[in-house]
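These protein sequence lines are chains A and B, in that order. All the letters of the first sequence, read from the start, carry residue numbers 1 to 233 under the numbering used here. All the letters of the second sequence, read from the start, carry residue numbers 1 to 111 under the numbering used here.
Worth flagging that the hints you see were computed from the coordinates, not collected in a lab. Just to be clear, a hint being listed does not mean it is correct.
As the list claims (entries may be wrong) - Result set (DSSO-like, lysine-lysine): computed pairs, CA atoms no more than 30 Å apart in a straight line: (1) A:Lys177 <-> A:Lys42; (2) A:Lys59 <-> A:Lys42; (3) A:Lys177 <-> A:Lys59; (4) A:Lys59 <-> B:Lys57; (5) B:Lys57 <-> A:Lys177.
Said to hold, decoys possible - Examples of chain A residues lying across from chain B (beta carbon under 10 Å, computed): (6) Gly49; (7) Ala101; (8) Leu105.
Claimed, not checked - Simulated restraints, written as ranges between beta carbons of each label pair: (9) B:Ala77 <-> A:Gly173: 20 to 28 Å; (10) B:Glu72 <-> A:Ile203: 26 to 34 Å; (11) A:Pro22 <-> B:Ala81: 12 to 20 Å.
This structure is a prediction, so every number in the text was calculated from the model and none was measured. Virtual Cβ for every residue (Gly too), placed ideally from N, Cα, C.
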Amino acid sequence: MHIAEGFLPPVHAAAWTVAAAPFVIHGGRAVVRQVRDNPQTKLLLGAAGAFTFVLSAIKLPSVTGSSSHPTGTGLGAVLFRPPVMAFLGTVVLLFQALLLAHGGLTTLGANAFSMAIVGPWVGYGAYRLVGRLGGGLEVSVFAAMSLADLATYCTTSMQLGLAFPDPETGVAGAVAKFLSIFAVTQIPLAIVEGLVGVLLFRILRDVARPELISLGVLKDEQPAPSDPTRTEA
Amino acid sequence: MRGRRRMPSVLLLVGIVAIFALAMVLGSTRADDSGETFVGSDSAATAQIEQDNPGYKPWFTPVFSPSSGEVESGLFALQAAAGAGVLGYVIGVMRGRRRAEAAAVVRPDAA
Numbered sequence: 001m002h003i004a005e006g007f008l009p010p011v012h013a014a015a016w017t018v019a020a021a022p023f024v025i026h027g028g029r030a031v032v033r034q035v036r037d038n039p040q041t042k043l044l045l046g047a048a049g050a051f052t053f054v055l056s057a058i059k060l061p062s063v064t065g066s067s068s069h070p071t072g073t074g075l076g077a078v079l080f081r082p083p084v085m086a087f088l089g090t091v092v093l094l095f096q097a098l099l100l101a102h103g104g105l106t107t108l109g110a111n112a113f114s115m116a117i118v119g120p121w122v123g124y125g126a127y128r129l130v131g132r133l134g135g136g137l138e139v140s141v142f143a144a145m146s147l148a149d150l151a152t153y154c155t156t157s158m159q160l161g162l163a164f165p166d167p168e169t170g171v172a173g174a175v176a177k178f179l180s181i182f183a184v185t186q187i188p189l190a191i192v193e194g195l196v197g198v199l200l201f202r203i204l205r206d207v208a209r210p211e212l213i214s215l216g217v218l219k220d221e222q223p224a225p226s227d228p229t230r231t232e233a
Numbered sequence: 001m002r003g004r005r006r007m008p009s010v011l012l013l014v015g016i017v018a019i020f021a022l023a024m025v026l027g028s029t030r031a032d033d034s035g036e037t038f039v040g041s042d043s044a045a046t047a048q049i050e051q052d053n054p055g056y057k058p059w060f061t062p063v064f065s066p067s068s069g070e071v072e073s074g075l076f077a078l079q080a081a082a083g084a085g086v087l088g089y090v091i092g093v094m095r096g097r098r099r100a101e102a103a104a105v106v107r108p109d110a111a
């Protein structure tokens, strides 16, 4: 989903930067507020950021014969809500643009928009929707993780399609073309990301119960974690 | 890992590995034009842009570029290691915190 440095025409690059900036600034304030008002969740916040950091560094092979990387933004969106991930995701993208020549400064706005804004919001929406439909916490987390991943790559395809319309089929044709590069490759990876997310969530549920309760992710009606006879649904 | 859970964690791990194995087998039969397999989808998109828009010149170049593929994968590995390290540290600290809390609750009863 990293659009390479200089690979968006200046007008597009500027427009996506302007579109992403308010989300990222708002996200930065959300992070500060989170740390100040809820300091006991600081460690979990670090975990959410670190998870994105790890996953977006690992390029994995896929069925299409190309490889791609997960985004890891869904978990943080579930735990801390999407604005926090707008900031954390952009920090990761900035790191990769500066040190790895992966993505870029001119495309930072577009990349932040797909990975740090659309992905987390879609993931959070999926989490709430599945939860409301009675899908259970783990299914909700799976949906959040995998759809945040997939939505990020669909957004990138749309951004590239808008910037480089096909001479014959126009923007729609170009979007379809970029979707065929990104989205199909991403489907198995999104499933893997969802499964990894559920695994990590299980660990967090064991070690971070009070923090998750204070974040509203778990309800405070469960027995104490030391009670081995009962467990949460 | 106690209790009734819908799917054991081991099964989730097996699923992850199985998807990769499948991807490796299915994907390895599909080489791109240069005969390379598992090229990054990001670079595939860049190649597509260059192919369809031969007139387009990137108007900005990366401030810093890793000098070789080896350096680049090393830096990626560093990113993953840093993230995994922080994640492991956080989980360890929180687990220790829970143990300490449990001990603090148990001790008065034992005494």
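Hints and how they fare:
A distance of roughly 42 Å separates the Cα atoms of Lys177 of chain A and Lys42 of chain A; the hinted pair therefore is violated under the 30 Å criterion. For the proposed pair Lys59 of chain A and Lys42 of chain A, the alpha carbon gap of about 28 Å is at most 30 Å, so the pair holds. Distance check on the hinted pair: Lys177 of chain A and Lys59 of chain A sit about 21 Å apart at the alpha-carbon level, within 30 Å; holds. Distance restraint check for Lys59 of chain A and Lys57 of chain B: the Cα-Cα separation of roughly 27 Å lies within the 30 Å cut-off, and the hinted pair is therefore satisfied.
Distance restraint check for Lys57 of chain B and Lys177 of chain A: the Cα-Cα separation of roughly 20 Å lies within the 30 Å cut-off, and the hinted pair is therefore satisfied. Interface hint status for Gly49 of chain A: upheld, as the beta-carbon distance to the closest one in chain B is roughly 8 Å, under 10 Å. Restraint check, Ala101 of chain A versus chain B: the minimum CB separation of about 4 Å is within 10 Å; hint holds. Because the beta carbon of Leu105 of chain A sits about 7 Å from the nearest beta carbon in chain B, less than 10 Å, this interface hint is met.
Between Ala77 of chain B and Gly173 of chain A the beta carbon distance is about 38 Å. The supplied range of 20 to 28 Å is therefore violated. Between Glu72 of chain B and Ile203 of chain A the Cβ separation comes to about 31 Å, which falls inside the hinted range of 26 to 34 Å. Against the hinted window of 12 to 20 Å, the Cβ-Cβ separation of Pro22 of chain A and Ala81 of chain B comes to about 33 Å, which falls outside the hint.
When each numbered hint is compared with the structure, violations occur for hints 1, 9 and 11.
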